[in-house]
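Student: Protein chains in written order, with our numbering: chain A, 63 to 249; chain B, 703 to 1192; chain C, 4 to 178.
In short, the hints are calculated from the structure, not lab data.
We put the beta carbon where it would ideally sit given N, CA and C, even for glycine.
One or more hints might be untrue.
[What the hints assert, rightly or not] Stretches of chain A that chain B covers, calculated by requiring three or more beta carbons in the stretch to come under 8 Å of a beta carbon on chain B:
1) 112 to 118
2) 189 to 199
3) 203 to 213
4) 234 to 241
[Unchecked claim] Below, computed lysine-lysine pairings styled on DSS-like, alpha-carbon distance capped at 25 Å:
5) Lys964(B) / Lys43(C)
6) Lys47(C) / Lys1027(B)
7) Lys43(C) / Lys1031(B)
Okay, here's what each chain looks like letter by letter:
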Amino acid sequence: MGKPMFGALLFGLLVIPPVRHLMESVMIVHMLVQIPLLILAGFLMAGFFRKSFQRFWFVWNENGVPGMLLVVIIVLYWLIPRTIDASLENWSMEWFKFISLPFLAGIPLGDSWGKIGTLTKSIIMFNLIPMLGLMAWLYIDAPVRVCNNYLEAEQKMLGWGFLMITAGCIIYMLQYAFTDRSDAVSE
Amino acid sequence: METVKSRNNLVVSYLTVGGVIIIAMMVFGVLMLLTQGGVIDLAPAAFYQFLTIHGTGMVGAAALAAAGVMAYFLSQYVQLSQKVMRVNLALFLTGVVMVIIGVFSFKYASAWTFLYPLPQLSANAWGTIGALLYLFGMLILGAGFLLFYLDSGRAIMKKYGSLAKGLGWDVIAGKKSEDDAPPKAVIASTMVTIVNVTALTAGSAVLIMNVINVINPAFTVDPLLAKNLTYAFGHIFANSIIYMAVIAVYEILPRYANRPWKANRVFLIAWTMSTVFTLLIYTHHLLMDSVMPTWTLILGQALSYANGLPVLVVTAYGALMVVYKSGIKWDMASSLLYLSMFGWVVGVVPAIVDATIVVNHVMHNTKWVPGHFHMYMALGACTMFFGFMYYLAKEDSDIKENAMNRIAFVAFALAIVSLSGSFLVSGALSTPRRWATHIPEWMGPAVFGAVAGVFAMLAVTVFVIHFIRYINKRRHNVHLEKTSHDEKPA
Amino acid sequence: MLVQTIAWITSLFFMILVVAVFAVVAWKSRERKDYAPIKKKWYKARTFYGAALIALMLVLTIYTLRELPYNQPVYGAGNEPTVVDVQAVQFGWNISENEFKVGEPVEFHVTSKDVNHGFGIYDEEMNMIAQTQAMPDYTNKVFITFDEPGTYEILCLEYCGLAHHLMTADITVTE
């Protein structure tokens, strides 16, 4: 069984209503588990779509930068508390979440990640680190409930979750920069 | 096709832009001292706008020029991206324009430290637009530099395998012999890459926090967290300037003295120490915040002392050994580079004194502080790239150094020593820094400093004019030059 | 002796030393000698110089860290400190009490209503004798016992906006 099959299975699993409801009932799981898993599902499926639409990817995403831009825009969009709220209240938004994250973020990510150079990757990482740190601050320190559907305590927990991820990214970058990778670095 | 000339074009642009901005910023410095000295009557609003632009502009311009020095020497060992250097320059100029508009058209005056929540709470002195122009200007400027250091990090890792190897940790550990240690330009660049990527990440976070607070004051930041992030960014970024510029001393002075100066184990350990200390000692800016955990402040003092060791025992000592009884040929480049080492070391003394908690208790935020940093920034860091500018001019053209340059050298040295000295005297007299007006007892040193500042400014103008004259005389047979450039220092 | 004076003399001493070293080396640079023996001799000297420097710094660090301004003094029985609440605002000081006696232990609890300010206490000769930061949301403390009667001045020591230099206040100390 190949990676795309896994991706499709994962996507199928996430769509099942009880799984979906369970995940969305807790803010931190919704934001930091469901959303990343949806992206991962798309990422795993990317191989299949790359084979099927080779010409499309070649024309539109030759160096990986347009794809990454799309990924960044979609991810940024789903970091806004209001959109999360809307996805719980509005069916079309929920649909859009389940389509956009795997197909407009995950798949382009799968196609682009191998194409972009080390420099672009590191730019993305070092934008991600302060951004995630800021999300942590925003959720921990927000003076009001930013989502109507979740309590403030949940919001704080999500903030600490973001902080853990920020710390994780920093540790990852440290080990990346301080262990030998003479072969892996490209333009 | 890449030639020495095209590669150097960017370095030359960095230095020219840096040099010209520095002259302009010196004008503001002189005007501030004249106001404090009671010689001219500047409105406080204008004074604090000058204060903001002077600090921001000096740090930015010096960082750009120093980055030019770093790029020049680093690219003799690794492949830096020309595109990134161009983008950095473009973003720098964009950021500068935004900062200038924010400060002068929208009266923004938070000082270059933009300490939260001052950008938003100005007591109606400036509005949202001015604050946003300044903060976004700084963000754009920072993004350019971040790009530059990410590229230098990438290039170093590509050639040497990792940043750890760029700092020569495998040599320190004894896995490789001292003869295989990375070149000094690479070691210094690795250090600066590490500290500045950290600084700029912290800086962008606190800048965006301020932006959000300015747009919607309901979102507040813990003021102590903001202070820590701000000083982590400001201290490290400003400090890194001298660590970039000193590459010029490492590379050029031994050529003039015709003596080798290679990285050995002690040298590598010193630079690793500098890396760690530079990241940690920003807490010496918070010594008067007793709510900070006391251990961080004690560490701030202890590590600030220790941070003097690498320069006092290794870099300056090494430079003195290279020059001592060497029969070195003194021209503008070698004189300025030697002077710069003096400026750094002499500035370390009052800096260490001020990092002592009991001293800081009565000297923090007095003019003692600009006293010591004008020594190692103006007489240290800036003098390093002025020296480099003369070196490059000589290397790359047949321009002659006339008597005017030598007069400017002497004037510059005396003027900056006098300026810094006047600040130190003011500090010893408890004169607060960043005050638009002075009581009569404090005016004398300010006037003295202003006069010294005028001479310093004239001298720097001579340096920069010499450099601009060289640009017109650059050689065109650059392909022949390439080989001589790529030779390692003897 | 004032701390400022000690700091000034110490700095001046070491700065002159630095000038002397750089001047001597520059003067001696006119000779040309073989580098190998110089290197050998001065690397050896560096070991001593480095060790001496580290020792000096250690001694100074330990000596200067014995008593920190952050620590609350030990008050004797019946000698309770006067606690003074200080709130900085753009651009002035709200001080709960501004008359003190010589020898009376005083604790200034300093905070700010808006932005960062600095709380600096100046004596009659305009020498600073103590300071701390005035921060919103936090309270920093200054522990002080005035030895001399007179009018002391409070100056703002952290840039806080366009009237920063006008942010002063007086306190009086009597016998």
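Student: Now tell me, hint by hint, if it's right for this structure.
Tutor: Tested hints:
1. 112 to 118: Per the Cβ count (0), the hint is violated.
2. 189 to 199: holds (count 5)
3. 203 to 213: Contact hint for the region 203 to 213 of chain A vs chain B: holds, 4 residues under 8 Å.
4. 234 to 241: Result for this restraint: holds, n = 3.
5. Lys964(B) / Lys43(C): 15 Å, holds
6. Lys47(C) / Lys1027(B): OK: Lys47(C) and Lys1027(B) at ~17 Å, within 25 Å.
7. Lys43(C) / Lys1031(B): 23 Å, holds
The structure shown violates just one earlier hint, number 1.
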